[in-house]
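A.B. asks: The chain contents come next:
Number of protein chains: 2
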Amino acid sequence: MKNIEPGSHCTISVVEDPLHEGEYFFEGTEKLLEIWFSPSSPSSASGSVQGGRASLRDINRSEWELLLKNVNCEILSSRHSTTMDAYLLSESSMFVSKDRIILKTCGKTTLLEAVKPLLGLAKEQCGFDNIVDVFYSHKNYLRPDLQPETYRHFDQEVAMLDTLFEDGAAYVLGKLNKDCWYIYTLDRFNITEPDQTLEIMMMDVNQDVMNMFTQSYGLTASQLTEKTGILDILPGAIIDDWLFEPCGYSMNALLPNGRYFTIHITPEDEFSYVSFETNVPRDSYNDLITKVTDIFQPNKFIVTLMANEASPAYKLCLKMDGPVKPFRRTEHQACEMKNYNLNYALYERPPTSKLIPYK
Amino acid sequence: MKNIEPGSHCTISVVEDPLHEGEYFFEGTEKLLEIWFSPSSPSSASGSVQGGRASLRDINRSEWELLLKNVNCEILSSRHSTTMDAYLLSESSMFVSKDRIILKTCGKTTLLEAVKPLLGLAKEQCGFDNIVDVFYSHKNYLRPDLQPETYRHFDQEVAMLDTLFEDGAAYVLGKLNKDCWYIYTLDRFNITEPDQTLEIMMMDVNQDVMNMFTQSYGLTASQLTEKTGILDILPGAIIDDWLFEPCGYSMNALLPNGRYFTIHITPEDEFSYVSFETNVPRDSYNDLITKVTDIFQPNKFIVTLMANEASPAYKLCLKMDGPVKPFRRTEHQACEMKNYNLNYALYERPPTSKLIPYK
Numbered sequence: 016m017k018n019i020e021p022g023s024h025c026t027i028s029v030v031e032d033p034l035h036e037g038e039y040f041f042e043g044t045e046k047l048l049e050i051w052f053s054p055s056s057p058s059s060a061s062g063s064v065q066g067g068r069a070s071l072r073d074i075n076r077s078e079w080e081l082l083l084k085n086v087n088c089e090i091l092s093s094r095h096s097t098t099m100d101a102y103l104l105s106e107s108s109m110f111v112s113k114d115r116i117i118l119k120t121c122g123k124t125t126l127l128e129a130v131k132p133l134l135g136l137a138k139e140q141c142g143f144d145n146i147v148d149v150f151y152s153h154k155n156y157l158r159p160d161l162q163p164e165t166y167r168h169f170d171q172e173v174a175m176l177d178t179l180f181e182d183g184a185a186y187v188l189g190k191l192n193k194d195c196w197y198i199y200t201l202d203r204f205n206i207t208e209p210d211q212t213l214e215i216m217m218m219d220v221n222q223d224v225m226n227m228f229t230q231s232y233g234l235t236a237s238q239l240t241e242k243t244g245i246l247d248i249l250p251g252a253i254i255d256d257w258l259f260e261p262c263g264y265s266m267n268a269l270l271p272n273g274r275y276f277t278i279h280i281t282p283e284d285e286f287s288y289v290s291f292e293t294n295v296p297r298d299s300y301n302d303l304i305t306k307v308t309d310i311f312q313p314n315k316f317i318v319t320l321m322a323n324e325a326s327p328a329y330k331l332c333l334k335m336d337g338p339v340k341p342f343r344r345t346e347h348q349a350c351e352m353k354n355y356n357l358n359y360a361l362y363e364r365p366p367t368s369k370l371i372p373y374k
Numbered sequence: 016m017k018n019i020e021p022g023s024h025c026t027i028s029v030v031e032d033p034l035h036e037g038e039y040f041f042e043g044t045e046k047l048l049e050i051w052f053s054p055s056s057p058s059s060a061s062g063s064v065q066g067g068r069a070s071l072r073d074i075n076r077s078e079w080e081l082l083l084k085n086v087n088c089e090i091l092s093s094r095h096s097t098t099m100d101a102y103l104l105s106e107s108s109m110f111v112s113k114d115r116i117i118l119k120t121c122g123k124t125t126l127l128e129a130v131k132p133l134l135g136l137a138k139e140q141c142g143f144d145n146i147v148d149v150f151y152s153h154k155n156y157l158r159p160d161l162q163p164e165t166y167r168h169f170d171q172e173v174a175m176l177d178t179l180f181e182d183g184a185a186y187v188l189g190k191l192n193k194d195c196w197y198i199y200t201l202d203r204f205n206i207t208e209p210d211q212t213l214e215i216m217m218m219d220v221n222q223d224v225m226n227m228f229t230q231s232y233g234l235t236a237s238q239l240t241e242k243t244g245i246l247d248i249l250p251g252a253i254i255d256d257w258l259f260e261p262c263g264y265s266m267n268a269l270l271p272n273g274r275y276f277t278i279h280i281t282p283e284d285e286f287s288y289v290s291f292e293t294n295v296p297r298d299s300y301n302d303l304i305t306k307v308t309d310i311f312q313p314n315k316f317i318v319t320l321m322a323n324e325a326s327p328a329y330k331l332c333l334k335m336d337g338p339v340k341p342f343r344r345t346e347h348q349a350c351e352m353k354n355y356n357l358n359y360a361l362y363e364r365p366p367t368s369k370l371i372p373y374k
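For the protein sequence lines, the chains are F and D, in the order given. Heads up: the first sequence begins at 16 in the working numbering, then just goes up one per residue. Heads up: the second sequence begins at 16 in the working numbering, then just goes up one per residue.
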């Protein structure tokens, strides 16, 4: 595989396979890593931050840049709120708060290569020698055969994580031989603050909408954010948006109280993919899911929701939530773990449901 | 691997691994196959049964024996009710009713080798050219490395099934890297009669109880069935029980209306395993699970429950059912499919809970 445009989210890759010569492909499916840290004792929470309250946000940008080199991506832009730093990456996003980091990377990135250096940074720079919890997840790749070797089979990703963590638990939700979602977590300690993550992974997306997210369409990133309705999904956010060359779009949104949402778009018809992720707390996400899927109009999407006991979404994860029109929920799984509940659903557009013309 | 006693459920195998030379091992974990058939049209439901109502029960014993040769097991004994034939096998059990077969085999058997010949038999002998549904499942093997090649990784079992069936769905419930349960199903048509299967897979079982299921203990199979309380789990059954040489126990029980239960015991301390399976309909199985686990006193067990919409257990599969004392449910998953609901739970004995001395 050759990268024509290295470092771009929408890197068009030429598949080096004699059977598929000249075929373009980009893996929009992201790998998602979230790690929560804490000092093992109050005294070790100093590190380089002498006498202060240790925070991952004190780590220098040059250190993050070095870390991201291992993953094969780089920082394009950043925004900052009182509680969180949001970085737009050449391949997706990074969110850094005091004691938690979220790193999401698509394409052929080697996200797991970041874990060991990250644990080192957190310990050396912040005195965070205790790992509270780890979440590593991704939807099944469209083309696992084009991934770097470790990422071609989840078993190998688990084996790598098992060398770094004790007592990790690996799950697959959904159909192993069709659409599914892999997750590895420690589920070790009870995080006392409410924590919830909603992801919507949209496939086979409306091409009229996707065509807007190209340079040739003529709108800037911020014009697209407004015109498509992305701006109104969760109003009042600090926005960082980016339109890639020749196509593709990423955005980070910082909301009050350490809440965020992020959207990444791979618009090409042959492998169109849009992801939405947020940590806003809700006791029902149907309105939000409807808002998002109304914009992108996918033919198929996966929703995952993970919440701990302190979250208003905790019970929702085990319940069968209501329908998302006009879609049919063709798969549904709930998983009760030690501290978190988890919900997985696959929605498909019924053949009879026509696409609404895009405004 | 060498079989010291081929054809016995409790075949003690010598592991041909220089690191584990002379180590004895038997894989109690069963592979479980269930296939529902129907004629594609009333006229094709004749086959060899001219003018009659076609039934899998009309297939000759010699044909079953031939089929089971592919799997590497043989028939030891059989019992018959008005609706079902129950066969005790050298490795577990086979239940044959009019349009459904259940084949359960442990050890190093090659169960998937039975599928193609079985479809052939059903078509040729009964005119069953329509496959209504297929279920193939097993707990993760204790020693997958000692299984025949196809069975060492579930992906390979799925690949083999995918060559035989269209649109099969493969799932893993539980922790991929710990205890888990694999299932492949078509979930294709709505079986209108109530259908439910409960399995209890018990590990690390009380050795005082296990020692009874050896020839040296001195009780016959039927004495053991009575004395241990197995007879009273679901009273009124036609029983077929078998004590293996030098140890191990199997039993089939035929209940009225096509209901059955079956128990298989691998008693050796190093790899003790007991399985219980039944299709009796209930809207709660807690009493039954308690009865079974009270007899065998495992330190850990998996419960799986699968039920279709017509079954009283259908809703139970999505609900979080009550506790089974003294165990802690440390893992719980529910899965909503097209026609079936599915529930998976792992129970573990808390360290503080003492074993009740065996009466």
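Just so you know, these hints were derived from the structure itself, not from any lab. Every value quoted in this text rests on a predicted model; they were computed, and no experiment measured them. Hints are supplied without guarantee of correctness; some may be wrong.
The list cannot tell twin chains apart, which means a pair is met if one copy fits it or any two copies do.
Said to hold, decoys possible - Restricting the straight-line Cα-Cα distance to at most 30 Å, the calculated cross-link-like pairs of lysine-lysine (DSBU-like) are: (1) Lys-123 / Lys-340; (2) Lys-340 / Lys-353; (3) Lys-84 / Lys-113; (4) Lys-123 / Lys-330; (5) Lys-138 / Lys-242; (6) Lys-242 / Lys-330; (7) Lys-138 / Lys-315; (8) Lys-193 / Lys-84; (9) Lys-138 / Lys-123; (10) Lys-330 / Lys-353; (11) Lys-131 / Lys-353; (12) Lys-84 / Lys-353; (13) Lys-138 / Lys-340.
A.B. asks: Each hint: holds or not?
C.D. replies: Checked hints:
1. Lys-123 / Lys-340: neither (34 Å within a copy, 48 Å between copies)
2. Lys-340 / Lys-353: between (33 Å within a copy, 18 Å between copies)
3. Lys-84 / Lys-113: within (22 Å within a copy, 64 Å between copies)
4. Lys-123 / Lys-330: Neither, since 36 Å and 42 Å both go past 30 Å.
5. Lys-138 / Lys-242: Neither. Shortest intra-copy (44 Å) and inter-copy (60 Å) distances fail the 30 Å Cα cut-off.
6. Lys-242 / Lys-330: neither (35 Å within a copy, 44 Å between copies)
7. Lys-138 / Lys-315: neither (41 Å within a copy, 37 Å between copies)
8. Lys-193 / Lys-84: Neither: 32 Å inside a chain and 33 Å across chains, both beyond 30 Å.
9. Lys-138 / Lys-123: within (28 Å within a copy, 48 Å between copies)
10. Lys-330 / Lys-353: both (14 Å within a copy, 23 Å between copies)
11. Lys-131 / Lys-353: within (25 Å within a copy, 42 Å between copies)
12. Lys-84 / Lys-353: Close neither inside one copy (35 Å) nor across copies (45 Å); limit 30 Å.
13. Lys-138 / Lys-340: neither (47 Å within a copy, 43 Å between copies)
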